[in-house]
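Undergrad: Given next are the chains, with one letter for each unit.
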Amino acid sequence: MKRSRFWSWLWIGLGILYFFIPLLATLNFSLRMKKDVISLMAYEKVLADPGFVKSFTFSAEMAFFTILASMILIVPTAYWVHLRLPQAKPIVEFITLLPFVIPAIVLVFGLIRIFSRPPFVLTASPALLVAGYVVLSFPYMYRAVDNGLRAMDVRSLTEAAQSLGAGWGTILLKVIFPNLKVALLSGTFLTFAIVIGELTLASLLAWPALGPYMALLGQNRAYEPAALAIMSFALTWGMIGLIQVFTRGTSGTALGGMK
Amino acid sequence: MAFLEINNVNKRFGQFVAVEDFNLKVERGEFVSFLGPSGCGKTTTLRMVAGFEMPTEGEILISGADVTHKPPNQRNVGMVFQSYALFPNMTVADNIGFGLKVARKGKDEIAKVVDEMLALIHMESFRQRYPYQMSGGQQQRVALARALAIHPQVLLLDEPLSALDAKIRVELRTEIRAIQQKLGITTIYVTHDQEEALSLSDRIVVMKDGHIEQVGSPFQIYNFPETPFVASFVGTLNVVDAVVRDPQSGALTVDGQEIQTAQPLSVSAGQTVRIAVRPEMLRMTANSGSGGTNELSGTVDTVTFLGSIVRVQVRLEKSKLFFDMFNNPHLVPPQVGEKLTVYFPREACLVV
Amino acid sequence: MKSKQQGDAPLARPSLPKINWNWLGVMPFFLFALLFLILPASSLFVGSFQDNQGQFTFNNIKNLFTPYILNSYKLTIQVSLVTAVGGALFGFLMAYAVTLGGLPRWLRTALTTFSGVASNFAGVPLAFAFISTLGRVGLVTVILKSLGINIYQQGFNLYSFWGLCLTYMYFQFPLMVLIISPSLDGLRREWREACENLGGSSWHYWRHVALPILTPALISTTILLFGNSFGAYATAYALTGGSLNLVPIIIGAQIRGDVLHDTGLGYALALGMVVIMGASILGYTVLQNRASRWLR
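Chains as they are written, first to last, in the numbering used here: chain A, 16 to 274; chain B, 190 to 541; chain C, 9 to 304.
Pulled out of the complex, with its shape left as it was, chain A reads as follows (with noise of 0.2 Å):
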């Protein structure tokens, strides 16, 4: 018993270790921009340069879009497939899984092939990046808004509203979706979380969001990438931290992650 728990705290401190040190030679490197002291100059200069206020403005309205649409999209689909057609399960499933097996890199590639010429023709449109969010964060998407349909009893549901008279606009708006606020939150919260630093189908369809200002400023300057790296993980830290204080108690967690 007594091995077995230094082993247990042997494993656990080196993943600290690993989670840690990374964070703290960032944090450490972002406050070194004056030489010889301590300073916020890097953030200084990120959060005054306007072409970091334009490139975070601009991701964050895609990702309020994205969300938008995927919510649009994926609550009366999931809804209507718990309800009325359990038989498309499996397929709703495996196309909500499917950006798993087509990775970013690839789908940027063929959105491109299809959207750059008639008869449609969208690479000119950010309608075309917000579609792409909206294909990546169907698997989270998904996945939280049938863990919440899972965890109330929607034909009941149903039922009850309809015996009352009411319509199928009303049950989803009064019924359906405030009861599924807290998956919605953690869908949210998890998409916003991707989309605002996300580096392949901006870069590749050639868009002033935040991920290829990002990396554009790690290829010529030093310092304030460091500050930008602690801001993001202090937002996705948020993000995830908003996450579970609203799923506390349910089983919500939050996989994902554009790589």
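Calculated directly from the structure, the hints in this document are not laboratory data.
Hints may be right or wrong, so weigh each one.
Keeping only pairs whose Cα atoms sit at most 25 Å apart, straight-line, the calculated DMTMM-like set for lysine to aspartate or glutamate is [to be verified]: (1) B:K290 / C:E198; (2) B:K397 / B:D382; (3) B:K259 / C:E201; (4) B:K259 / C:E198; (5) B:K294 / C:D59; (6) A:K104 / A:D168; (7) A:K196 / A:E76; (8) B:K290 / C:E201.
Start from chain A and add chains B and C according to the hints.
TA: Leaving out everything else, chains B and C in the frame of chain A:
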């Protein structure tokens, strides 16, 4: 010397006393039940015999050898768990043969023992099934066979039937007892179900809050409970308040009506005691026992139809008594509001 | 409700074949998936078998089998394998430590939170973090140098194979922790006790009970981790700036400018990635079926 001895065993978890001064000697081939409500220490005691818990004080001897500090895998004690605990990744045959495989027995020997065990539990055709393909009752029978396959010195059963349906429970109970008697294996059976303990055991150990309340045969435990707890926990009881009128002759009054106990009372006149009467001792007709009959009159309060029996509750003034009568389609049961007199022998009247 | 509709139907149109109108409800989703997922993916498939004039050809596929391309596949697979197996192993040990290793409960909560963050902390910022740590002037590099160990002279390079693996591990093992912890919780105490009771040791328990029970989960998670690094582009791009010859990097370069001088070959390259992912999932299904005969 007894086959299994548990001497002065105490078990504390921090401040909490789980088992206190536990002493028991079990003879070879005996079937002993530990009976008590949850948290009374019965499972902890069993787990100490199995080796999953170490006693804080005291010793445990099996066949004369001190096993108190032996690890569980060197005790040769078979255990059946409440949740079956079959290995889900193994077939029935692999589960039963596991103990022998671990002991590096030959393939042929393992196969032979597995065959014997399957025959013992009448499940020869289930050899290649996985646990998920069987009902709870079947899984528990396999778990029993698995525990017996290593030819253990002692068989321990930890509430083996409580996860099963009522009907299977009775069926499997009979089977466990038959197998135990056939093999003559020393057995400890933990349960909170008094019916199981009464029907299976040679002896019952009634436990409460970590200590033994009474040890005795089912007959003794049921008919001559030594403590109020045993009286109320084992079987059902009518308990009413009575005022002592004459301790010498055992005369009492219940709601103003006089009754008598068979023994003199040890408390003085005018005091209130609680008396207990088993419902099956109450009759609607005067049928005197050897020491004379008590009678109490009241009004029928409720009549509950329970299938083979009808439970009737009679209200005196404050006190209520219930009794069961067999359901007979040709007899009209008592009606609510009807006046009724119940009779019971004096010796059925226990003072608790 | 449903039976009522069926009851009404024959009265209205007895002769029409039955159409399950419920499928209409999922059409928007299917349409979207078709347009932005299926169609793009299959267009690469088509493109892989077309030459510049749009004529059918096997040349693109054939051109995959050149040392340059094969090496890049090999490298990508190596990185994915190393980080999948390494991440699975390390993640498993950590998950074991907090679930069954007898450590305080709060450590588990903390680890779950960290893992949730770290598994999502990838891409450009992760590359920056590792550059600050193990780059030429990174904190750890500098500290080790002051202790007399110059890791860059010892042959280490963050912008090469092992550096990339080390970086990928940062999101790999937390993912393993998140996925495998519930499976470890599923190991019931009674199984271990039953094993001990039957005379088995700790080794017997792990060899015959715990590991076989965990195998399906271990296989599926390792495959997931494999795919996780196999398709990774952002981290590798930001870390190595394209100096490592990974398949995603080559595809990215091909999209940016015509580095292969052959679009069809680019499509074939992407198709190859999908095929390898598909094959690993197929392998997973086969292994899964063999490892989980005892599962419902």
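Undergrad: Are the Cα atoms of B:K397 and B:D382 separated by 25 Å or less?
TA: holds, 14 Å
Undergrad: Is the hinted pair B:K290 and C:E198 satisfied, with a Cα-Cα distance of at most 25 Å?
TA: At roughly 19 Å apart (the allowed maximum being 25 Å), C:E198 and B:K290 satisfy the hint.
Undergrad: For the pair supplied as a hint, B:K294 and C:D59, is the alpha-carbon distance within the 25 Å limit?
TA: violated, 67 Å
Undergrad: With a cut-off of 25 Å on the C-alpha distance, tell me whether B:K259 and C:E201 pass.
TA: Within the cut-off at roughly 14 Å; holds.
Undergrad: Check the hint pairing B:K290 with C:E201 against an upper bound of 25 Å on the C-alpha distance.
TA: This hinted pair holds, its Cα atoms lying about 16 Å apart.
Undergrad: Next pair to validate is A:K196 with A:E76; report whether the Cα-Cα distance is within 25 Å.
TA: Measuring from Cα to Cα gives roughly 22 Å; hence the hint holds.
Undergrad: Does A:K104 pair with A:D168 here, judged by a C-alpha cut-off of 25 Å?
TA: holds, 17 Å
Undergrad: What's the verdict on B:K259 and C:E198, does the C-alpha distance respect the 25 Å limit or exceed it?
TA: Judged against 25 Å, a Cα distance of about 19 Å means the pair holds.
The earlier numbered hint that this structure contradicts is number 5, and it is the only one.
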